[in-house]
Amino acid sequence: MSRTVVVTGLGAISPIGSSADQMWQNALQGVSGVKALTDEWVAEYDLPVYIAGRISHPVSESEFITRVEAKRLDPSGQYAVHSARQAWKDAGFSGEDAEDSEELDPERVGVSYATGIGGVWTLLDSWDTLRERGPRRVMPMTVPMLMPNGSAAAIALNHKARAAAQTVVSACASGTESIHIGLELIRSGKADVVITGGTEASIHPLPLAAFARMQALSTRNDEPERASRPYDLDRDGFVMGEGAAALVLESEEHAKARGARIYAELAGTGVSSDAFHITAPDNEGEGAARSLREAMESGDFAARDVVHVNAHATSTPVGDIPEATALRRAFGDATDDIAVSATKSMTGHLLGAAGAIESVMTVLAVHDHKAPATINLENKDPKIDLDVVTEARDLPSGQIVAVSNSFGFGGHNAVAAFRSVS
Amino acid sequence: MADQNEILAGLAEIVNEETGVETADVQLEKSFTEDLDIDSISMMTIVVNAEEKFGVTIPDEEVKNLKTVGDAVSFIENAS
Chain B
1 MSRTVVVTGL
11 GAISPIGSSA
21 DQMWQNALQG
31 VSGVKALTDE
41 WVAEYDLPVY
51 IAGRISHPVS
61 ESEFITRVEA
71 KRLDPSGQYA
81 VHSARQAWKD
91 AGFSGEDAED
101 SEELDPERVG
111 VSYATGIGGV
121 WTLLDSWDTL
131 RERGPRRVMP
141 MTVPMLMPNG
151 SAAAIALNHK
161 ARAAAQTVVS
171 ACASGTESIH
181 IGLELIRSGK
191 ADVVITGGTE
201 ASIHPLPLAA
211 FARMQALSTR
221 NDEPERASRP
231 YDLDRDGFVM
241 GEGAAALVLE
251 SEEHAKARGA
261 RIYAELAGTG
271 VSSDAFHITA
281 PDNEGEGAAR
291 SLREAMESGD
301 FAARDVVHVN
311 AHATSTPVGD
321 IPEATALRRA
331 FGDATDDIAV
341 SATKSMTGHL
351 LGAAGAIESV
361 MTVLAVHDHK
371 APATINLENK
381 DPKIDLDVVT
391 EARDLPSGQI
401 VAVSNSFGFG
411 GHNAVAAFRS
421 VS
Chain S
1 MADQNEILAG
11 LAEIVNEETG
21 VETADVQLEK
31 SFTEDLDIDS
41 ISMMTIVVNA
51 EEKFGVTIPD
61 EEVKNLKTVG
71 DAVSFIENAS
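Residue numbers (the numbering used here), protein chains in the order written: chain B, 1 to 422; chain S, 1 to 80.
Honestly, I wouldn't trust all of these hints.
If you only want the chain S side, here are some residues facing chain B, beta carbon under 7 Å, derived [what the hints assert, rightly or not]:
(1) Val21
(2) Ile41
(3) Thr45
(4) Val47
(5) Ala79
Cross-link-like lysine to aspartate or glutamate pairs, in silico, DMTMM-like; alpha carbons within 25 Å at most [claimed, not checked]:
(6) Lys53/S with Glu69/B
(7) Lys71/B with Asp39/S
(8) Lys71/B with Glu18/S
Simulated from the structure, these hints should not be mistaken for lab results. The C-beta atom is built at its ideal place from N, Cα and C for all residues, glycine as well.
Chain S with its partners taken away, still in its complex shape (with noise of 0.2 Å):
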């Protein structure tokens, strides 16, 4: 099972894929929309690699309440 630090690394990274954002910028209290400017779209590209990466589902209704990249790696982390 994948710890809070090791999500975080697997989750920046999954970012920067998609978006051109620095994994060094993904932090826990970054907020995907006003920090890292990343739009619903790309969210949703983020949500399904992340789905494949850790093994878990994240459910299209549960996306709207992971506002923070903190919000993601705990959902991700209970999830698995």
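Okay, chain B solo, but in the shape it has when bound (with noise of 0.2 Å):
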């Protein structure tokens, strides 16, 4: 018997809002959160790409994060503190972690938490204190601090959570796949809660520099809030983002004998890989194809059934169309009602956070019967043949699932399917 899922907390710190409420209402109202870089690297390295979604409030004036606990964690590893923190005190549990809650056992708490770079600014920034300064001057935290588990298991470590402490590494599948993983631990039994997400701090010159190399980054610098544009005839590329999101799943048993309030079901997850190129997606869609029908039976569900979809919409030129051949491959004529919004085009491309981010937003848009907008959507591509959501719309009354899409450099493709709940 598959135990059924719930989520039940919410949190993020993202471009457009430092929690998951204040994401989410902007995402509604289509607020950018992408702006002009003008850090003095900028200039310094002639950077051909000098724009990005930034968190929009930072992390030192955050109650969440105390300045020492700063000090030994990466950005990234602040960000995924800090949304898990939320996530954990919105899902309303009597202590501050699993030890000093009484409804909570710790070795029955796990945490499935992702990014797809890591610690990237300390393995740099240590880089340059050894040369520049010598070994002994190197930070003693270096490893914990740039190992991509770092995160995850700062996490477990602040709430005491002992069933389990993984991390997927799948690029930009990386957030979805953590949450695929922590619904396999609470259906297989092994745990009644799982704090899941992901993170990602890459904001630095040379994951820019590389990925404007690989000529996968807009270079609309001028323009810095038009600049991500999924399924515009002039999308011209992606733009990096940071920030965090987390989710907390729960068996809805241990949730309703706490009295928890219910976000939504998480029906069912997918993933599949497809093996094709190490960066380019399948032309054909049929790898993201089989995550979504992978999804379905996850998730009991029908084409029929879903209403929205939060798209993997990069703003790629050669991304965007075969996530669209995926979704009709999957979902046949029913693709048709379905409502697909691309909220990328707010708040950038966050790599490793990108699917938890875009999970929470699609968790409230079934709680919320509401999809969020898509900016920047001028002149639809023709080949783009869906319903895209330019300006926030209601969706059905009635129990509705919706559907977020993630894919990955290395063919990597992961889907979470969530259900209203009455």
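Build the complex from these two chains, which are given one at a time in their own frames, with help from the hints.
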């Protein structure tokens, strides 16, 4: 018997708000979080791209993380811990951690928290320190700060989560795949509660230069807010974003026993691998379609039940079309009735955090029965045969299903499907 | 040359910056690990910051002998 899994807590720190609710309100209103970068390294390295979606509120001004904690965490870890503490608080557990919450057994509380790149700031800063000041000045915390599992471990330590602390690394699919693993941990009976999500803090000159060399980034530097334009004919690449999001997953039985507020059911998930090309998606979208079909089977829903998709849609010329093809392959004619939103138009692309950020939005979409905006869609690419939501709109009443897609470099496909609860 | 009180005050600032322990709690008889709950990783950072601040060298093999704040203050006083 598969155990029903629900979402009971949300947290987010993003380019369009430093809480799940603030981010969601801005996503409904079509607010852009993309700005020109003013760091001195932009001029120093003469970077070809100097726009990005920075977090809207610095963590140094946050109640969720202390100065001393911040010293021992990479920015990606700071965002991760921040988002998890928000989600924990939002879930309404009685204590600060699983040990001092009488309704929780620490050995049945897990963490599945992802990143795309990990502690890249720490790695590169430490390399500079080594070269300029020698090995004794390299921070003793360098390794735990740069390791990709550092965020999952920090969250587990914070909340005394002892069932498991896992990190999936699958580029831009990471955040969604972490939710998939969280679902499995609960369905298998190993955990009652899992903190899932993803983080990314890689707005650093090296990743910017590297993505730019791949021709993956928009160079619309003079119009930052208009640069991320999924599905538009004039899209010219994605815009890097940073931030983190967390979702507390819980078995329905456990959530109901403690009287928790339930946002939505995590109906099902699907994952697959293209094995087609190291960076390009399969043109036919078959890998992505398989992950969508698997999510339908996992979640026991039909194409006709799906009313909304938060698309991966990064705004690259080559990436947006195969996803549209995949949706049609998986959902057939029912695709015509699906309201598709591309929220990266507002947040930029948060890489390993993208799936977590977008899953938070998809949970709130089924909870509030609203689809968020897609901004900058002025001339829709005729190859995109989808009903794209340009201004936030109401979704049908009654029980609905919405899907969040994430696809990563390496051919990783991950889908999370959420169902409304009455 | 710094006297004992100046070294203690400077060390307390370094400890506070790294660990958040109040400067007033950094007293000569306090043990770094037992009383101030400072782990070996933080201790390594405190040591290099103290070297820089006081212009001394504290060899890595010496760090394990610096059990109390007083041990560290004496070492720095004698080395400077």
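Taking the hints in turn, this is what the structure says about them:
{"no.": "1", "hint": "Val21", "verdict": "violated (9 Å)"}
{"no.": "2", "hint": "Ile41", "verdict": "holds (4 Å)"}
{"no.": "3", "hint": "Thr45", "verdict": "holds (6 Å)"}
{"no.": "4", "hint": "Val47", "verdict": "violated (9 Å)"}
{"no.": "5", "hint": "Ala79", "verdict": "violated (16 Å)"}
{"no.": "6", "hint": "Lys53/S with Glu69/B", "verdict": "holds (23 Å)"}
{"no.": "7", "hint": "Lys71/B with Asp39/S", "verdict": "holds (15 Å)"}
{"no.": "8", "hint": "Lys71/B with Glu18/S", "verdict": "holds (8 Å)"}
The structure fails hints 1, 4, 5 (numbered hints given earlier, in ascending order).
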